[in-house]
Amino acid sequence: MSLDRVARERLVRALAGSVIEHADELTSLDQAIGDGDHGLNMKRGFEAVLATLPGLADKSLPEMLKAIGMTLVMKVGGASGPLVGTFFMELGKALPERPSRADLVAATEKAIDAVKARGRSEAGQKTLLDVLVPVHGVLAGGGDAKAIATEAAQAADRTTPMLAIRGRASFLGERSIGHMDPGSRSASLLIGAAVETLEFEVNT
Amino acid sequence: MSSLRPGNVGIVIVSHSPKIAEGAADMVRQMVGEAVPLAWTGGDVDGGLGTNVAGILEAIETAWSPAGVAILVDLGGAETNSEMAVEMLPEDRRARVLVCNAPVVEGAVIAATESSGGSSLAAVKRSAEEFYA
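These protein sequence lines are chains A and B, in that order.
The numbering of the first sequence is the numbering used here, which starts it at 1 and goes up by one.
The numbering of the second sequence is the numbering used here, which starts it at 1 and goes up by one.
Looking at chain A on its own, in the form it has when it is part of the complex (with noise of 0.2 angstroms):
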């Protein structure tokens, strides 16, 4: 996989897009079981990603993905600012400028591994980790874009069920089963972006 520098701008618009045009959505799923503000903080954060355009598409791929984590660590506020943004930063450190699938999968379970350890969290425990994880798995397995990205819904849409046992979520204990979890729902927003991108890219 090659992206030229139109794709590189291409696939932030398309990241920023996703989690801005439903940051609604973000913050009543957050109202329901959080503090309120994820919609918000990943909104800030994403736009604080736009502005570095058009720059940021001038970089690398690698060191792209890089300058995108640092932003959203240094912008978004919440928790998830150092969750989202180390992800980011972790796949930029592993990936090389073209990388192949088999680079995409060993890149990307760094990159969770390296949430699981700023988290201190594992999946099942109503997280981001709960879309990361088995995204991953669906990727690894050799899925194409749209097995990715319909796991990536579907695995947002199984945390609804789940007991929150990190984050502010769980101090509502059992009053957290029952909402989506507002970090798996922008994950899976964010994957959805990226594959639609992506494969935009291979087919044309």
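Honestly, the hints are just simulated from the structure, not real lab data.
One or more hints might be untrue.
Claimed, not checked - Counterexamples of contact, computed for chain B against chain A with all Cβ distances above 12 angstroms: (1) T62; (2) A78; (3) R94; (4) A122; (5) R126.
Unchecked claim - SDA-like, lysine to any residue: derived pairs with alpha carbons at most 20 angstroms apart: (6) A:K66 to B:G47; (7) A:K66 to B:K19; (8) A:K43 to B:E106; (9) A:K43 to B:D46; (10) A:K43 to B:I20; (11) A:K110 to A:P96; (12) A:K66 to A:L3; (13) A:K116 to B:D46; (14) A:K66 to B:V105; (15) A:K43 to B:D92; (16) A:K110 to B:E87; (17) A:K116 to B:L75; (18) B:K19 to A:D35; (19) A:K43 to B:A54; (20) A:K66 to B:M88; (21) A:K116 to B:E79; (22) A:K93 to B:E91; (23) A:K93 to B:P90; (24) A:K43 to B:V45.
Computed from a prediction, not measured in an experiment: that's the story for all the values here.
The beta-carbon is built from N, C-alpha and C at its ideal position, and this holds for glycine as well.
Starting from the known structure of chain A, arrange chain B on it as the hints suggest.
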């Protein structure tokens, strides 16, 4: 956001609410005066409730002491952002900054009191964490 006496462990207070962070810092000052380097930070980058890494890095710089810095935090995001900030410090400073697992107001007052007596960073952290343990 002031600081003094570089020999004692510095205290950084991180809350989602700038009012809580500032109020806790006022309580610390009342206990220990200018005997410990002290800084507080609170709020997201737009001034709403939240915490931000840049603000935490600035507070660590303000409260910096060769003896180290103890950070007191309130809820989850404050802890995650503080840990992120510590990792972004220059390598020689990273091991000398610890995030305490203690209530933010009580922990800050106890930690500062311990620091004002010249205790080590490890002792300051322990005191803050033992208070409610």
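Here's how the hints hold up against the structure:
1. The claim that T62 (chain B) is not at the interface with chain A holds, since no C-beta of that chain comes within 12 angstroms of its own (minimum 18 angstroms).
2. Here A78 (chain B) does not stay apart from chain A, with its beta-carbon only about 9 angstroms from theirs, under the 12 angstroms limit.
3. With a cut of 12 angstroms on Cβ distances, R94 (chain B) stays outside the contact zone with chain A, its closest approach being about 15 angstroms.
4. For A122 (chain B), the shortest C-beta to C-beta distance to chain A comes to about 21 angstroms, beyond the 12 angstroms cut-off, and the non-interface label holds.
5. For R126 (chain B), the condition that its CB be more than 12 angstroms from all CB atoms of chain A holds, with the nearest at approximately 21 angstroms.
6. With a C-alpha separation of about 26 angstroms, the suggested pair K66 (chain A) and G47 (chain B) falls outside the 20 angstroms cut-off, and the hint is violated.
7. Proximity of K66 (chain A) to K19 (chain B) is assessed by CA-CA distance (about 34 angstroms); at most 20 angstroms being required, the pair is judged violated.
8. With a C-alpha separation of about 34 angstroms, the suggested pair K43 (chain A) and E106 (chain B) falls outside the 20 angstroms cut-off, and the hint is violated.
9. A threshold of 20 angstroms between alpha carbons decides the hint, and for K43 (chain A) with D46 (chain B) the separation of about 12 angstroms falls inside it, so the pair holds.
10. Under the criterion of a C-alpha separation no larger than 20 angstroms, the hint pairing K43 (chain A) with I20 (chain B) is inconsistent with the structure, at around 26 angstroms.
11. Only pairs whose Cα atoms come within 20 angstroms are accepted, and K110 (chain A) paired with P96 (chain A) is accepted, the gap being roughly 13 angstroms.
12. Restraint check for K66 (chain A) and L3 (chain A): satisfied, since their Cα atoms lie roughly 16 angstroms apart, inside the 20 angstroms limit.
13. Distance hint between K116 (chain A) and D46 (chain B) is unfulfilled; the C-alpha atoms sit about 28 angstroms from each other, more than 20 angstroms.
14. Pair hint K66 (chain A) plus V105 (chain B) does not hold up; C-alpha atoms about 36 angstroms apart against a cutoff of 20 angstroms.
15. Among the hinted pairs, K43 (chain A) with D92 (chain B) is inconsistent with the structure: their alpha-carbon atoms are about 35 angstroms apart, more than 20 angstroms.
16. Among the hinted pairs, K110 (chain A) with E87 (chain B) is consistent with the structure: their alpha-carbon atoms are about 18 angstroms apart, no more than 20 angstroms.
17. Of the pairs offered as hints, the one joining K116 (chain A) and L75 (chain B) holds, with about 19 angstroms between alpha carbons and a cut-off of 20 angstroms not exceeded.
18. About 18 angstroms separates the Cα atoms of K19 (chain B) and D35 (chain A), which keeps this hinted pair within 20 angstroms; it holds.
19. With a CA separation close to 18 angstroms, the supplied pair K43 (chain A) and A54 (chain B) stays within the 20 angstroms bound.
20. With a CA separation close to 14 angstroms, the supplied pair K66 (chain A) and M88 (chain B) stays within the 20 angstroms bound.
21. Between the alpha carbons of K116 (chain A) and E79 (chain B) the distance comes to roughly 15 angstroms, so the proposed pair stays at or under 20 angstroms and holds.
22. Between K93 (chain A) and E91 (chain B) the alpha-carbon distance is near 19 angstroms, which keeps this suggested pair within the 20 angstroms criterion.
23. Straight-line distance between C-alpha atoms of K93 (chain A) and P90 (chain B) comes to about 19 angstroms, which keeps the hinted pair within the 20 angstroms bound.
24. Using a Cα cut-off of 20 angstroms, the hinted pair K43 (chain A) and V45 (chain B) holds, with the two alpha carbons roughly 13 angstroms apart.
Checked against the numbered hints given earlier, this structure breaks hints 2, 6, 7, 8, 10, 13, 14 and 15; the rest are met.
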